[in-house]
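S.K.: Each protein sequence line maps, in turn, to chains A and B. Numbers given in the working numbering equal positions in the first sequence, counted from 1, plus 6. Numbers given in the working numbering equal positions in the second sequence, counted from 1, plus 107.
Quick caveat, the hints were computed from the structure, so don't treat them as lab data. Please read all numbers here as calculations on a predicted model, not as lab measurements. Think of the CB as a built atom: it goes at the ideal place given N, C-alpha and C, for glycine as much as any other residue. Check each hint, because a few of them may be wrong.
Facing chain B, a subset of chain A residues (Cβ under 10 Å, in silico) [unchecked claim]: (1) F35; (2) F45; (3) A49; (4) P52; (5) V54; (6) K80; (7) D84; (8) V86; (9) L88; (10) V104; (11) L126; (12) S127; (13) L135.
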Amino acid sequence: MTSIARTVAIRRGRQRSAAGTDRVARPGFAWALPATVFFLLFAIVPLVLVAVLSFVSWGGLGSPQWAGVSNWTKLFHDPVMLQSLWLSLLLTVLGVAVQTPVSIFIGVWAAGYQRNRAVLSAIYFVPLLLSATAISVLWRALLDPNFGIPSQARWLFGSGNLLGSQAGAMGVLVFVGAWQYTPFHTLIYQGAARAIPRVLYQAAEIDGAGRVRQFLHITLPQLRNAMITSMILMVVGGLTTFDTVLILTQGGPGTDTTISAYYMYRKAFQGFDFGTGSAIALLLVVVATIISLVVVRISGYDKMRSMAEGV
Amino acid sequence: MRRRPNYLAGLASIVWLVLVGLPLYVMVSASVQDTSGFSASGPLGLPHHVTFSNFVSDFSGGFGRYYLNTVIVTVSVVAVVLLVVPPLAYAIVRGRGFLTRGAFRMFLLGLAIPAQAVIIPMFYLISKAGLYDNLIGVILPTAAFALPVCALVLSGVMRDISPELYEAMAIDGASSWRVFFRLVLPLSKSGVSTIVVFSALQAWNGFLFPLVLTQSNSTRVITLGLYDFQTEFGVNVPAMLAAVVLSMVPVLLVYLFARRALVQGLMGVGGK
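One chain only, chain A, in its complex shape (with noise of 0.2 Å):
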């Protein structure tokens, strides 16, 4: 086998330094075969399947019927459908709205050399860690109107009860996401702050320019691809919450908080319909994807490319 692969390797090795200089055994396609196959099996068939899926009624047993487009029409005319794409735009929008200001501020802070940074990004770090799951069951006991935190700050918070209104429900679905999420993303700015070149700012201190105008015209700029990145997975992540829905609001009150992910939850796995679930699922990546190609044209970033090959 060694052999095999040597002689493989010695003659490829010519090859190469016939054309060029290179003379070191190079691995072939073989060694990115297992996860390739691995991947393509339980990721990207699934999502072949579930456009196939879209256009099909199943019930959970059997087997799937042809049904043409009528899943898509009836989802069009679905006024629950619709409402939860507004919400779960909606819900996107206000999370990156919220999350960007302060891992931004909070990443630069934290790229600095302050004393106790250390200890301070270790604790900002513990909700990243949690599932999910833990982190709604934590914060639907915490916003309990009998017993918890809004119980005791009745001047700050009203009734109490939080999730009893659209208004509410949302605002605490907004806040549960950024108190997950914002670790990360200030991660991301921390890392880009990081490699931020120092020179920039001893020049603009030579030239007078105070810390704000450092920020906003050496710091901020420089941040861009991080920016880019940063958003485009609150955008992905925003429209796919769906732990934090299921468990803090189960869409309620009502369908005041019925985003998509969850609607599509309830139609395949409550309601036995599948098929309109597959299509709410294809939806959504749709708008996912397109919302991610405006945000990478609006800022000018299309060096995928080369973001791809500097990984």
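Add chain B to chain A, keeping to what the hints say.
M.R.: The following block gives chain B in isolation, referenced to the frame of chain A:
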């Protein structure tokens, strides 16, 4: 060069620290009280009578079984990742073929595929394969969805190995196998530990795949146990929060020892 501390950002980070720390404090303090003690002292108060009965009753309520299942899933997912990702990353970094580059593109694309998007076809495929309500049916998709990030992190680390070292091995006439085991693996230990921690974390915290692909008590994992607990006994807050504490103890222990590996790996994902 930047000497003056940034008070404003420092203040903001302390506010955020309170937002993170306070809920964690309430959770731990509630978990060591009984219901009457908890309602007497309030969520923010200090526990007066510390008791561990909540943890005991959680375990008698089946949490031991859930723990075991979660450990099985986590260990298996890490094993699969360790088996397929290092060779993949090596091929991505050192391979020259058209297929390898195509595979790398696929994994980059895979970063953006959410589990929700494929959960219905996954349910279909796993049922057809006869793996429904079987831990193997949870392990396989969970491992698959850990691959893209792991491949990215590990290939990032492998890229830092200097070309001279490969040249030196080439002069010795080393094969790909030898280069992989003698040079690439030893020099990317940090990356390997990152992907171990990362995939273990994903498996330990996984919720959607177990929720949809298992059913019976004997295949229930911790996260599902928490979910059931919340719907069934939502009133007994201390016992519920004790279960949450139990679910995160191993994670926090690992974090204590592998913080650097995890943080730097994640920083690499966004930072580069």
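S.K.: If a hint holds in the structure, say so; if it does not, say that too.
M.R.: Results for each hint:
no. : hint : result
1   : F35  : holds, 4 Å
2   : F45  : holds, 5 Å
3   : A49  : holds, 5 Å
4   : P52  : holds, 4 Å
5   : V54  : holds, 8 Å
6   : K80  : violated, 16 Å
7   : D84  : violated, 17 Å
8   : V86  : violated, 17 Å
9   : L88  : violated, 19 Å
10  : V104 : violated, 12 Å
11  : L126 : holds, 6 Å
12  : S127 : holds, 8 Å
13  : L135 : holds, 5 Å
The structure does not agree with the numbered hints 6, 7, 8, 9 and 10 stated previously, though it agrees with the rest.
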